[in-house]
Amino acid sequence: QILEMVVFNEEQDSTRAADLMAQGGAGCIVTLGGDGTNRAVAKGSGSVPLVPISTGTNNVFSQPVEGTVAGLAAGVVARGLVELDSVTTVHNILEVQIARRPPEIALVDVAISTETFVGARAIWDVRTLDEVFLARLVPGSIGLSAIGALLAPSPMDDGSGLRLRIGQGGTSVIAPVAPGVISSVPVQSWAPLLAGEPVEVSLHPCTIALDGERTFSLLAGQAARITLSRKGPPVVSVEAALRQASQAGVFTGEYVGNAG
-1 QILEMVVFNE EQDSTRAADL MAQGGAGCIV TLGGDGTNRA VAKGSGSVPL
49 VPISTGTNNV FSQPVEGTVA GLAAGVVARG LVELDSVTTV HNILEVQIAR
99 RPPEIALVDV AISTETFVGA RAIWDVRTLD EVFLARLVPG SIGLSAIGAL
149 LAPSPMDDGS GLRLRIGQGG TSVIAPVAPG VISSVPVQSW APLLAGEPVE
199 VSLHPCTIAL DGERTFSLLA GQAARITLSR KGPPVVSVEA ALRQASQAGV
249 FTGEYVGNAG
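Numbers -1 to 258, taken from the numbering used here, label the letters of the sequence shown in order.
Calculated from the structure, these hints are not laboratory results.
We put the beta carbon where it would ideally sit given N, CA and C, even for glycine.
Possibly wrong hints are sitting among the right ones.
Pairwise CB distance ranges (calculated) [as the list claims (entries may be wrong)]:
(1) Ala24 <-> Gln186: 40 to 46 Å
(2) Tyr253 <-> Gln95: 44 to 50 Å
(3) Pro177 <-> Ala97: 30 to 36 Å
(4) Arg228 <-> Leu30: 24 to 30 Å
Please work from the sequences and hints to get the whole structure.
Structural data, given as structure tokens:
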């Protein structure tokens, strides 16, 4: 079905579309894009499982998977042919509370930039960074999360996060901060980011980037805080979903279950 909605050619279109899909009873949503696209979808998809296919600039949240196979996995999930809890993972997210603004989320990272205007949204110059908050610390990722992932890697599902203070006086990390860009990033200090414990943004004024893109400016005296949360969207493991469906006989006509 085609969604009945007005399209404004902006990020909020994806959020509204995901919300309409969730309200309409969608059993799974397939996304094409990078971390920013998935963030927009996750704001509206609620508890609907996602199959994120990486086609964006920064692809930490999304997966490199062939489209036909991803669709097959989404199908068995949507029809209830697999046990959802055993083929999905709920990842950490970062919740951003800003005075006089609606709350925001980031799926991978929140960066505090010394730039005071949004301008070009993508962050390419790490010299403008003051702090970085990370929900994911997976080696092999690209973007700002790669800084923390190569400094203090952790498993994807251990519930940990990291707060980095960027600047001289500590150590340097060589990291792939963007496609084709490897930078030496000075890290003044770092500390674990604990779930449920809000951290105040100390730099004012500044711009706040969500998942690698500057999203809004923080004015002088305007309070903002970042909280690591375990309320992220459920993400389907394509491999796990297809393995379980195969073992249950879905593809050989031997499946016996309650799904239609």
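Hints violated by the structure (numbers, ascending): none
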